[in-house]
Amino acid sequence: MDELGPGMSGRWVVHTRGSTHVWDMDARTYARHPRTPAAAMPHDGVDHPIRSVGAWPRVGAHSYVVFDDPQHSALEHWRQSGTILSIVPAVD
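According to this note's numbering, the residues represented by the sequence shown are -16 to 75, in order.
Keep in mind that the hints were calculated from the coordinates and are not lab data.
Among the hints, a few may not be true.
Unchecked claim - Quick list of the computed label-pair ranges, beta carbon to beta carbon:
1. G37 / V5: 26 to 36 angstroms
2. A57 / R0: 15 to 25 angstroms
3. R0 / P25: 18 to 28 angstroms
4. G(-7) / G37: 35 to 45 angstroms
5. G28 / L68: 26 to 36 angstroms
6. A21 / P(-11): 31 to 41 angstroms
7. Q63 / R11: 28 to 38 angstroms
8. H16 / W39: 23 to 33 angstroms
9. A57 / M24: 33 to 43 angstroms
10. A21 / G(-10): 16 to 26 angstroms
We put the beta carbon where it would ideally sit given N, CA and C, even for glycine.
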């Protein structure tokens, strides 16, 4: 898979050098998983409902996603990925 976009389905793992990002296109959720503890960010490892997408994941590019703060829905957070190396189906 080279890119994700609106209207797609399934769960996908987006690999970058420093982390993996799980995009659930059916549930419209996003989760970031750092490869090392040193790369950890607040709210990692949690499925967040996607509020908006500024840039869909595409191999060779960056993704940009906005999601609500888990404790304060009036606040939002964003994540811009590193350069995307691959996009593969999630294996449960």
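Hint check:
1. G37 / V5: 26 to 36 angstroms: Since G37 and V5 have Cβ atoms about 18 angstroms apart, the given range 26 to 36 angstroms is violated.
2. A57 / R0: 15 to 25 angstroms: Violated, since A57 and R0 (Cβ atoms, about 33 angstroms apart) do not stay within the stated range.
3. R0 / P25: 18 to 28 angstroms: 20 angstroms, holds
4. G(-7) / G37: 35 to 45 angstroms: Roughly 21 angstroms apart at Cβ, these two residues miss the hinted range, so it is violated.
5. G28 / L68: 26 to 36 angstroms: Given range 26 to 36 angstroms: violated, Cβ gap about 20 angstroms.
6. A21 / P(-11): 31 to 41 angstroms: At roughly 34 angstroms between Cβ atoms, P(-11) and A21 fall inside 31 to 41 angstroms, so the hint holds.
7. Q63 / R11: 28 to 38 angstroms: 19 angstroms, violated
8. H16 / W39: 23 to 33 angstroms: 19 angstroms, violated
9. A57 / M24: 33 to 43 angstroms: 20 angstroms, violated
10. A21 / G(-10): 16 to 26 angstroms: 37 angstroms, violated
In the structure shown, a violation is registered for the earlier hints numbered 1, 2, 4, 5, 7, 8, 9, 10, in ascending order.
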